Amino acid sequence: MKSLVLCRFGEIFLKGANRGRFERLLHDNVRAAVAGLPETKVDAPHGRVRVEVPAQHQEEACERLGRVFGLVSLSPAVAVLPEIDAIADAAIAVARAARARDPRRGESFKVEARRSNKQFPLSSPEIAREIGGRVAAATEIRVDVHAPALEIGVEIARDVAYVFGETRPGPGGLPVGCSGRALLLLSGGIDSPAAAWLAAKRGLALDGLYFHSPPFVGEKSRDKVLSLGRALARWRALDSVWVAPFTEAQQRLREAGRAELAVVLYRRMMMRVADRLADRIGAEALVTGENLGQVASQTLRNMATIEAAARHLVLRPLSTYDKAETVALARRIGTFDISALPYDDCCSLFVPPHPATAARLGDVEQAERALDVEALADQVAAAAERVSVREE
Amino acid sequence: MVYLDNAASTMPAPEAAEAHARAMTALWGNPSSAHALGAAATRALDEARAEVARLVRAEPSEIVFTSGGTEANALGVLGVTAPARARHVVATAIEHPAVLRNVERLARTGFSLTLVPPGPDGCVSADDVLAAVRDETALVAAMLVNNELGTVQPVSQIAAGLRGAGRRAHLHVDAVQAVGFLPVDVRTLGADSLALSGHKIHAPKGTGALWRRKGARIAPLWEGGGQEQGLRSGTENVAGWVALGRAAALCREGLDAPVAARRDRLEALIFAALPEARPTARGPRAPHIASIIVPGLPAEPVLHAMEARGVYASAGSACASRARGPSHVLKAMGVSEGDAVLRLSLSRYTTDDEVRIAAGVLIDAVAEIRNALPARRARS
Chain A
1 MKSLVLCRFG EIFLKGANRG RFERLLHDNV RAAVAGLPET KVDAPHGRVR VEVPAQHQEE
61 ACERLGRVFG LVSLSPAVAV LPEIDAIADA AIAVARAARA RDPRRGESFK VEARRSNKQF
121 PLSSPEIARE IGGRVAAATE IRVDVHAPAL EIGVEIARDV AYVFGETRPG PGGLPVGCSG
181 RALLLLSGGI DSPAAAWLAA KRGLALDGLY FHSPPFVGEK SRDKVLSLGR ALARWRALDS
241 VWVAPFTEAQ QRLREAGRAE LAVVLYRRMM MRVADRLADR IGAEALVTGE NLGQVASQTL
301 RNMATIEAAA RHLVLRPLST YDKAETVALA RRIGTFDISA LPYDDCCSLF VPPHPATAAR
361 LGDVEQAERA LDVEALADQV AAAAERVSVR EE
Chain B
1 MVYLDNAAST MPAPEAAEAH ARAMTALWGN PSSAHALGAA ATRALDEARA EVARLVRAEP
61 SEIVFTSGGT EANALGVLGV TAPARARHVV ATAIEHPAVL RNVERLARTG FSLTLVPPGP
121 DGCVSADDVL AAVRDETALV AAMLVNNELG TVQPVSQIAA GLRGAGRRAH LHVDAVQAVG
181 FLPVDVRTLG ADSLALSGHK IHAPKGTGAL WRRKGARIAP LWEGGGQEQG LRSGTENVAG
241 WVALGRAAAL CREGLDAPVA ARRDRLEALI FAALPEARPT ARGPRAPHIA SIIVPGLPAE
301 PVLHAMEARG VYASAGSACA SRARGPSHVL KAMGVSEGDA VLRLSLSRYT TDDEVRIAAG
361 VLIDAVAEIR NALPARRARS
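Chains as they are written, first to last, in the numbering used here: chain A, 1 to 392; chain B, 1 to 380.
Simulated from the structure, these hints should not be mistaken for lab results. Keep in mind that this is a model prediction, so the values were computed, not measured. Glycine included, every Cβ here is placed at the ideal spot set by N, Cα and C. Any given hint could be a false lead.
Derived Cβ-Cβ restraints for the label pairs, each shown as a range [said to hold, decoys possible]:
1. B:R278 to A:G180: 53 to 63 Å
2. B:R370 to A:R332: 50 to 60 Å
3. A:D372 to B:S336: 31 to 41 Å
4. B:G38 to A:G36: 37 to 47 Å
5. A:E385 to B:I357: 24 to 34 Å
6. A:D337 to B:A308: 26 to 36 Å
7. A:R369 to B:R370: 20 to 30 Å
8. A:L341 to B:P183: 40 to 50 Å
9. B:S336 to A:D337: 23 to 33 Å
10. A:V387 to B:A36: 45 to 55 Å
11. A:R252 to B:R278: 29 to 39 Å
12. A:R386 to B:P60: 55 to 65 Å
If you want a taste of the chain A side facing chain B, the calculated C-beta under 7 Å gives, among others [unchecked claim]:
13. P214
14. P215
15. G218
Generate the whole structure from the sequences, applying the supplied hints.
Structure (structure tokens):
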């Protein structure tokens, strides 16, 4: 019996001619996810991805594979010869192991069988009945075909049969990279990491861009953002974080116009810097953690005024999320606790007491005429420093 | 680098670091073992204990080694055993969280708690503390030097007052910031227990000690093999405590360093250049701490700007930096959120040159942040 993890993918089936490229990306991402696990082999027969891994590393493999976008489900499984005796033995072992881990799963069971190999002598219902009978006899677990506590899956291909006792959900989505590249505006708050995860889930390969304003903000803030980057890298959502020095730009923008326009002016400058960096790295879109109506700069009017400074498409995966939903997502992906650390990346010195909620483009452009905003953006983008957050 | 955050932690003295390393490689036997390796470790521990005792003029048998100031404070506070009807605790409102959180824990388990606020000079008054003490008071906790302000609290007067009124309350003193800077003499202080911390006196982190008066009844925080006279079970941290002993000896030798003069010079240079700045507290102070208020600025950017120029200090206290807003000590002093409270804390190793450099850097940092401040405008 060989132990492995069966990984199933979904949406890719719909892609027709693009299927080859998507599958290749998925395989690459799966391989990268289990890299470092000893004696592990990845291959992809029969329209799914198969990760052979020694039994003692199977759980760790499942955990890592659970973070690969594009997979809709995975099953820790065993592979045996496609003969009824071998399959039955495996099924009995699976049943016993499941019951040992959790007695409730030993209360009842059923067998679901499928055969892609139509030459196999028994039909699927016959396989299920035969295996079911042998498992019931050997383990004394009662059969319940309607609401079983344990479902044993059997899949019979031409030269192998798989037997498994559970199917865990994968994160879904599309393999990272298949939708292209984007640049994420990353801060230490709860929102932008969650936005990154959602964007990566739909197949975008991201770089992060963090605006750093020493000495108003300390090294710990920068460390916090890099920590968030590393947490996202576990999903392969992010590869690197670009750290852009923003102190001078913030000061000059603050002096340029009326206090209430400050935040909108900063964000427009951030868009310009992001445009330049996106060009440099071949990103086709910007991603932000903006949410509708949360803070003054996130009203429709302000968002439009801010977006007017950007050339690239701007994606806002969280625009319709409630705060509670964003928090739940951040917890699930492991970024909430890091975001909750107290090292802010925006010193309150630079946020006016009454920020405008509906800044007019005309007013903002007039304020910007006091400076050479394009030159300033060039400067900030040129000084951005790339930090790798890959887990290696 | 100019390091002026010694109230947060100190660089281990080279001799202490060396003693630590040597003990790790040569004295690793278990002191409880009957053989020569155990005996060697025991002897080294005895010497270290004697040095720590000497630092506070105590008997070696009155010293219990711990993992640090917090554990020593916890032992002195939570370990107090009092008759069943004595269910009241008095503490100053400016105690370190190592004392405050533990007296609050007592308050959650059947004790009532009175916290005595400081005056505007940054000191509690002995009269206020004594007025709060009742017949049923089991414990009075008063620190000798406050870590944020540097002010010296009237512990001897409190002790004398308790004795004079015939009170049976146990007086525990957090001396973590006092030892090594003020001469601490447990024979005249009048306390029942006293806590000190290794990493504040150039010993490694993870080391400390509790002094307790012979006859003071303290219960251990946990049980085990009965080490440290049953008060602190657990195989002894020989290497750490040997280093602590060495550091204690150096402390005694270094008590006459002109730390106060240097601190005063630092403040003089700063106040001369920044007329708007003022000392946070005007009460009597330990020699090494300068707590300075610079109004109308946030502290963190000033500290980062100082750090960018190679000078390290802190705002309020290191423990508070994880929370938001002024600490409980500063709040008790009436300091508001819009003002920067900077704490510069010297060591006996700080030089005159470092003082001069630090003053200049602080002045420049304040100027940098002030210039960056959005101009306050009349409209909007």
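Checked hints:
1. B:R278 to A:G180: 53 to 63 Å: This hint holds: roughly 59 Å between Cβ atoms.
2. B:R370 to A:R332: 50 to 60 Å: violated, 44 Å
3. A:D372 to B:S336: 31 to 41 Å: holds, 40 Å
4. B:G38 to A:G36: 37 to 47 Å: The hint (37 to 47 Å, Cβ to Cβ) holds, given that G38 (chain B) and G36 (chain A) are roughly 44 Å apart.
5. A:E385 to B:I357: 24 to 34 Å: Since E385 (chain A) and I357 (chain B) have Cβ atoms about 29 Å apart, the given range 24 to 34 Å holds.
6. A:D337 to B:A308: 26 to 36 Å: Hint holds: Cβ distance 29 Å, inside 26 to 36 Å.
7. A:R369 to B:R370: 20 to 30 Å: Once the Cβ atoms are compared, 28 Å apart, the range 20 to 30 Å for R370 (chain B) and R369 (chain A) holds.
8. A:L341 to B:P183: 40 to 50 Å: holds, 41 Å
9. B:S336 to A:D337: 23 to 33 Å: Between S336 (chain B) and D337 (chain A), where Cβ atoms are some 31 Å apart, the hint holds.
10. A:V387 to B:A36: 45 to 55 Å: Given a distance of about 54 Å, which is inside 45 to 55 Å, the answer is holds.
11. A:R252 to B:R278: 29 to 39 Å: holds, 33 Å
12. A:R386 to B:P60: 55 to 65 Å: The hint (55 to 65 Å, Cβ to Cβ) holds, given that R386 (chain A) and P60 (chain B) are roughly 58 Å apart.
13. P214: For P214 (chain A), the interface hint holds, since the closest Cβ of chain B sits about 6 Å away, which is under 7 Å.
14. P215: holds, 3 Å
15. G218: holds, 5 Å
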